[in-house]
Amino acid sequence: MALVKLREARRRLPVVESLPPGRGRRVLPPPRGAVQRPALAVWEFTRACDQRCQACGPRAGTARPDELTTDEALRLVDELAELGVGEVALIGGEAYLRADVLWVIRRIRERGMSCSLTTGGLGLTQTRADALVEAGLQLVSVSIDGLEASHDTLRGTPGGWRRCFEALAHSRKAGARIAANTQINRLTWRELLPLGELLADAGAEVWQMFLTMPHGNAADHPELLLQPFELLELFPMLDRVIARCAARKLRFWPGNNLGYFGPLEGKLRRLQQEDGHYKGCSAGRTGLGIEADGTIKSCPSVGGAVNAGGNWRDHGLRALWERAPEIRYVEQRGLDSLWGYCRECYYADTCMGGCTAMSEPLLGRPGNNPYCHHRALEMDRMGLRERVEQVAGADDQAFAHGLFRVVREPKAAGAGPVTIEGPRCGREVAFFGPGTPLGEL
Amino acid sequence: MKPCSGCARHLRIAESVCPFCGTHLAEGTAPGGWGWAVGLALLGAACGTDKGDSESGDATTEVTGSTSSTTEGTTLTSAPTSSGTIGGTGTSSGSEGGETSTTECVSCSSSSEGGAFIYAAPDMGVQLDCDPWVQDCPDGQKCAPVGDDGTLTAIACVPAANPGAAVGEACTVQDQPHSGLDDCAKGLVCFEVDAGTLTGMCAALCTGSPDAPVCAEGTTCKEVIGDLVSLCL
Ligand code: SF4
Ligand code: SF4
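Taken in order, these protein sequences are the chains called R and V.
Going by numbering that gives the first Met the number 0, the first residue of the first sequence is number 0, and it counts up by one from there.
Going by numbering that gives the first Met the number 0, the first residue of the second sequence is number 0, and it counts up by one from there.
If we strip away everything but chain R, and leave its shape as in the complex, we get:
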């Protein structure tokens, strides 16, 4: 792939008076029997990155071996538009490291879709921000994990936290709306309130936060994960964060692995969901993920063969979206794909075990998710608590995961476990259903 420089890419970008507004993520229900169109496509534009973060899912750093060329990327944009996608969210790696992203952004907007970017912000200079916004970028969300010391530790880049705030300022000055993404983990969870104030001061409009997921680089750092029972402390803290966000006009935007169904659910999701509560994993239902080499998957945050429908180069987008079993999995599974506590849960048929990207890397398959506020509350009510222990590490692939087990034990210190729920076989062995225990690890 011939690399083009930013200045050259910008010079070749036609000057336009205006671009169509962009449809956004809204979708209406499909006609009976029709497949829902994806409202949101999240596109890892390149896996090349200027940072090496401890909690990076795709283990970004170097580009994937066979990333889409500019021409291919532009054709893929056309197919996204034809499929009815309303918004393309560019992620990475670091999308701005490919200057042809300008042409892709422009094509996204010309085709009537909205365009946003999630960035680590390290190299988002004023020049880059100006060029991106000129191309048509509408929203820049900078990943900021806690206060300075925590962020710089997690990202491994001294000075990186300050550059994030500069990136926000550059983007805003360039005319983009600005937002932030924050991972909640051992280092950051007590820093959300002060971080929120700084984001509001910086002019951020929206703040998405989510629990660090045990895949990719984070699978090598299980010490970063909060324990499920700590959600009992986290959620009251989030309550205060939500109140401050409202006061500062910073819209709180919970990621899909933050929930579910505790007393705070309505507050968490009242601006996100029509009925104010989580409605199950939407992998392959209302959104899709694209990897830099054209692999189409059900959600940007999942990985591995069980989640990849195939490559766009081989099949085109519509065929994969409508027919690939790996993409249609969530739509086609039933309650019998739940197991453990989730199978017996009051909310089982609505929640379906929460976020696949959280449960699968933990326990080997989706359908049982200890990272749940309702579940932590019910455990607490029974005098119990749950924690996770890693029993197998991950390989070095993007989104690779290890395995964990859930230890359910009395809250009182010193007592032994009541039950231990081990990991189960992956969906490559049993695609649907609850799977079978893996036995001793």
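Please keep in mind that the hints were generated in silico from the structure rather than gathered at the bench.
It cannot be assumed that every hint is accurate.
Here are the computed lysine-lysine pairs in the BS3-like style, where the Cα-Cα straight-line distance is at most 25 Å [stated by the list, open to error]: (1) R:248 <-> V:221; (2) V:185 <-> R:248; (3) R:266 <-> V:221; (4) R:172 <-> R:248; (5) V:185 <-> V:221.
Let chain R serve as the given structure and place chain V with the ligands on it in line with the hints.
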């Protein structure tokens, strides 16, 4: 689902007693529906479709294992558990990937979806061009919610009728129910618009701030679209 008035937990619509806090609920009560309810979806697209209330036979879930104990007059209900008995068209797909499943419910997917996909940027939400609480638009304009298809797309300055219709008076909107173009006075919006006749009734937007809303006597400030748009009703 509906929120419990006692503990705010979400409950199935048919629930008459909250299994979590014991509060008695009006059976079948759904959350209040406003003309703009669908619009909330654009404030942020949702993740997944709602299956919890598909009580028409696609999926049935039986609550079992609830036990109650009374402490100082409060009924506490221990961890309710459900055993999903799946029947009818909702039979789970199992290992062969059947055609329908309990997660397929086109009819109960009421509106928009999209998601808070982790790693993606959060939703852009609506464009906020003005502040409806303080009505900061230029003379001759008013700050009002604007949308299409029942979905809020912006809080924007729109032409204000002068003199416009007053609170409680009939009003008419132009083009479509949520165009924002109505004949109510500044600070008012045409509410509960009939999609066929494009007529409704003028209601006042709350003034003050979300933390300290101000309404005329006899009305209270109610959120209509999250905390972005609130009306004195
Ligand atoms: S216990 Fe499982 S099914 Fe129940 S709300 Fe929590 S994640 Fe969802
Ligand atoms: S895996 Fe998680 S982030 Fe992905 S669609 Fe499902 S709930 Fe959303």
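Below or equal to 25 Å on CA atoms is what counts here, so check residue 185 of chain V against residue 221 of chain V. 19 Å, holds
Residue 248 of chain R paired with residue 221 of chain V [C-alpha distance capped at 25 Å]: 18 Å, holds
When you check the alpha-carbon spacing of residue 266 of chain R and residue 221 of chain V, does it fall within 25 Å? 15 Å, holds
Given the hinted pair residue 172 of chain R and residue 248 of chain R, is their alpha-carbon gap at most 25 Å? 19 Å, holds
Take a quick look at whether residue 185 of chain V and residue 248 of chain R sit within 25 Å of each other, Cα to Cα. 23 Å, holds
Checked against the numbered hints above, the structure breaks none of them.
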